[in-house]
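K.L.:
Just need the whole structure built from these sequences, with the hints factored in.
Protein sequences appear in the order of chains A and B.
According to this note's numbering, the first sequence holds residues 1 to 83 in order.
According to this note's numbering, the second sequence holds residues 84 to 166 in order.
A portion of the hints provided could be inaccurate.
Said to hold, decoys possible - The calculated BS3-like cross-link candidates involving lysine-lysine, where the alpha carbons are at most 25 Å apart (straight line), are: (1) K81(A) <-> K48(A); (2) K126(B) <-> K13(A); (3) K14(A) <-> K96(B); (4) K37(A) <-> K131(B); (5) K13(A) <-> K43(A); (6) K5(A) <-> K164(B); (7) K14(A) <-> K126(B); (8) K43(A) <-> K131(B); (9) K164(B) <-> K43(A); (10) K164(B) <-> K131(B); (11) K37(A) <-> K5(A).
Said to hold, decoys possible - Label pairs and their in silico Cβ distance ranges: (12) L31(A) <-> E163(B): 15 to 25 Å; (13) K120(B) <-> P19(A): 26 to 36 Å; (14) D66(A) <-> E133(B): 28 to 38 Å; (15) D66(A) <-> K120(B): 14 to 24 Å.
What the hints contain is simulated information worked out from the structure, not anything from laboratory work.
Glycine included, C-beta positions come from ideal geometry on N, C-alpha and C.
2 protein chains.
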Amino acid sequence: MSYFKINVEVRLKKGVHDPQGETIKRALENLGYSGIKSINTGKVFTIKLEAETEEQALQAARIYADRLLANPVIEEFTVEKRT
Amino acid sequence: MSYFKINVEVRLKKGVHDPQGETIKRALENLGYSGIKSINTGKVFTIKLEAETEEQALQAARIYADRLLANPVIEEFTVEKRT
Chain A
1 MSYFKINVEV
11 RLKKGVHDPQ
21 GETIKRALEN
31 LGYSGIKSIN
41 TGKVFTIKLE
51 AETEEQALQA
61 ARIYADRLLA
71 NPVIEEFTVE
81 KRT
Chain B
84 MSYFKINVEV
94 RLKKGVHDPQ
104 GETIKRALEN
114 LGYSGIKSIN
124 TGKVFTIKLE
134 AETEEQALQA
144 ARIYADRLLA
154 NPVIEEFTVE
164 KRT
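P.N.:
As structure tokens, this is what we get:
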């Protein structure tokens, strides 16, 4: 068994309203910055876990994301080994 | 001018307490999953913006992160082009 660091990135699905991103965009514009087309927000979880292989670690992270980290109604996620 | 998509990842600095990560770890253990050593949480912002070059887009994203997206007392950030 060895330890793996897996990144789970959770984002809103396409078409889901992102009020936090819009607020940040407006705040940056109020600070004088222009040229920003959009800002999308998401969450990232770095999971350090024990597994036999990298594929097993990724699979475990997918299960955690599915069960607990992402809301499948409005969110989607990707997993990858953290470099 | 063209559009670039830049990812800003904001994380807690090393040594800063991450109660959200600890709660998720405990919740997964209560669901019966073992072998999790730690979970760290962070935020990710995908900024679509207009710039002359990729380096200019990255530089702009660094400024936004510095001024608005990250709290320098407890957080650090990285910027990279979104692939």
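K.L.:
Indicate, hint by hint, whether the structure satisfies it.
P.N.:
Each hint tested on the structure:
Taken as a hint, the K81(A) and K48(A) pair is honoured in the structure, with Cα atoms around 10 Å apart against an allowance of 25 Å. A distance of roughly 16 Å separates the Cα atoms of K126(B) and K13(A); the hinted pair therefore holds under the 25 Å criterion. Annotation: proposed proximity of K14(A) to K96(B) is violated, straight-line Cα distance about 31 Å (limit 25 Å). With a C-alpha separation of about 5 Å, the suggested pairing of K37(A) with K131(B) holds against the 25 Å cut-off.
Between K13(A) and K43(A) the alpha-carbon distance is near 13 Å, which keeps this suggested pair within the 25 Å criterion. A C-alpha spacing of about 22 Å is found between K5(A) and K164(B), which places the hinted pair at or below 25 Å, so the restraint holds. Distance hint between K14(A) and K126(B) is fulfilled; the C-alpha atoms sit about 18 Å from each other, no more than 25 Å. Distance check on the hinted pair: K43(A) and K131(B) sit about 17 Å apart at the alpha-carbon level, within 25 Å; holds.
As the CA atoms of K164(B) and K43(A) are separated by approximately 17 Å, the hinted pair is consistent with the 25 Å bound. With a CA separation close to 10 Å, the supplied pair K164(B) and K131(B) stays within the 25 Å bound. Restraint check: the Cα-Cα separation between K37(A) and K5(A) comes to about 33 Å, which exceeds 25 Å; the hinted pair is violated. As the Cβ distance of L31(A) to E163(B) is approximately 23 Å, the hint placing it in 15 to 25 Å holds.
Look at K120(B) against P19(A): about 35 Å separates their beta carbons, and that is inside 26 to 36 Å. In this structure, D66(A) and E133(B) meet the distance hint of 28 to 38 Å, their C-beta atoms being roughly 37 Å apart. For D66(A) and K120(B), the Cβ-Cβ distance of about 20 Å falls inside the hinted range of 14 to 24 Å, so the restraint holds.
When the structure is compared with the earlier hints, violations turn up for hints 3, 11 and for no others.
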